[in-house]
Amino acid sequence: MAENEMGLTVKKDEDFSEWYTQILNKADLSDIRFGIQGFIVQKPWAYMIIRKIYDYLEKEVEMQGHLPYRFPTVVKEKDLMKEEEHAGFTPEVFWVSEAGDKKIEERFALRPTGEAQIYPMYSLWFRSYRDLPFLAYQSRNSVFRNEMTTRPFIRGREFMFFESHNVYNEHQEALDQIKKDLETCDEVIKKKAKIPFYYFKRPQWDKFLGADDTFTPDTVMPDGKRNQLGSTHDLGTNFAKAYDIKIRAKDGKQQLAFQTCFGPGIWRIFAAMVGIHGDDNGLVLPFDFAPVQVVIVPIIFSKKKELTEKVLTMCKKLETDIRKMGYKVKLDDRDYESPGAKYNHWELKGVPMRLEVGPKEVDEKVVSLKLRTGGDKEKVNVSDLKKVIGSKALELDKEIEVRAQKYFKGNVREAKTLKELVKIMKEHRGFVKVPFCSVEMDGEKCEEEMKAETQGGRVCGTLYPKEDKVAKGQKCMVCGKEAKHMVYIAKSY
RNA sequence: GGGAUUGUGGGGUAAUUUGGCUAUCCUUCCGGCUUUGGGAGCCGGCGAUCCCGGUUCAAAUCCGGGCAGUCCCA
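Note that the first sequence covers residues 1 to 493 in the working numbering.
One should not assume that every hint holds.
[Said to hold, decoys possible] As a list, the in silico DSS-like pairs of lysine-lysine whose alpha-carbon atoms are at most 25 angstroms apart:
1) K190 <-> K451
2) K451 <-> K475
3) K406 <-> K342
4) K365 <-> K349
5) K466 <-> K433
6) K225 <-> K190
I should point out that these hints are in silico values taken from the structure, not numbers from a laboratory.
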């Protein structure tokens, strides 16, 4: 009877929007009642998962030689304006223009992404080709004055961010780094978080302003909308020109430095994990991301003291042993909740593995094990536990991965004509692969027409690094000219 | 950025149309008894009309403004 209030009351397939809102609340992931538009509180269960995403990313890029640093929370107006003058891009920001009751003469902004605050320093730091390459990153939040509808962890005015900003002598080094950024996304987002995605090269009209090329890992959410999980940019020497990042080359001449920047959207990755892996009972988490990996639920009886003692003694020993094995374990020995209530609670939170221990288990020296992804309860000998937790963790991860891949594949379709595309997007959304004339600037007008016809479909780009082949004689689905590329269309957040 | 809609205990709601008595019910939470192998039961208790202004004898209810949320569409 309490089911209606405590568990999820909608099915993910039937109303994803409502499901998403409910799970954020009921799994205790965020609190949207902070009271300033677009700013939310990340509660412990969410933040522990988010921190894990950071851990993996930081480890990956540090292995590539990136150094950590931390820039201030603010950025000078003059430096922001440079970005606009040279790249034509100024994000909407919050201005700091008063301190106490005094006006600040030269106002400054709460920082959006780091280019405008980092590159002026880079201009001071590098003098010689010997100073390069320079690879560094920071993990921190980003603030925009975003007037659009906000959605927790997907679009807000403040969000958790990660950015690397690299400087090179040669353009080839920049291109190599783009590939490494792709590998980083593969490693963390695909392999660890089990989120399938496409790596796109964005069309020229939709790249990061000031970049020569933009690449993005994009996935699709259960409501069929594209979720851009990050981006990496080949900046060429554009920003070096704007921010005066010059080095003395081997031959003695001054030259502009080449740059890349890479920014996985931490919250977007989190939102994808919640939305794609979760089910009608709650969160489903890959084993390594779970704040609690193994929960022990004792079956206890208030009337039978001795029996309860016996059960709890075994549970406490299990807890200690499992912790020693290196797993994050929790013994839920609350005596005022029924076992059923506990099962539902921890399933809502996405704990991967549950061990039940009652009098029967104590006598047989076993535990009953149940996986979050389903299947029957299994009895496991206590002496085999270490081995079994390890193998069950792999089994769970595999199951999550297979489900996610199947889901992703089911959200990719093909269309040859605009009419077909319109029909598909009306019914399914997701990614649709289509023949398209051009991803250079001359293709933009075809996108506009397609966007109007499909009510918001956008060209995500071409697959990278390996573009789809275009069959002979394929025509652009919009203008009918020869199709030079196969591109993917999707609506986005 | 466009449109729609909402704001009542921690969460979900009734009363709002037609202003009026002690603001309804469910749940959570707290205390007690009892119970525990898939969301137990009974008894008792705490707890609310988003903010500012206006109209009125009287405002959760009507009017104006603000703040915030949700949904649909770009």
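Results of checking the hints against the structure:
no. : hint          : in the structure
1   : K190 <-> K451 : violated (29 angstroms)
2   : K451 <-> K475 : holds (18 angstroms)
3   : K406 <-> K342 : violated (31 angstroms)
4   : K365 <-> K349 : violated (28 angstroms)
5   : K466 <-> K433 : holds (15 angstroms)
6   : K225 <-> K190 : holds (18 angstroms)
In terms of the numbered hints stated before, the structure departs from hints 1, 3, 4, listed from lowest to highest.
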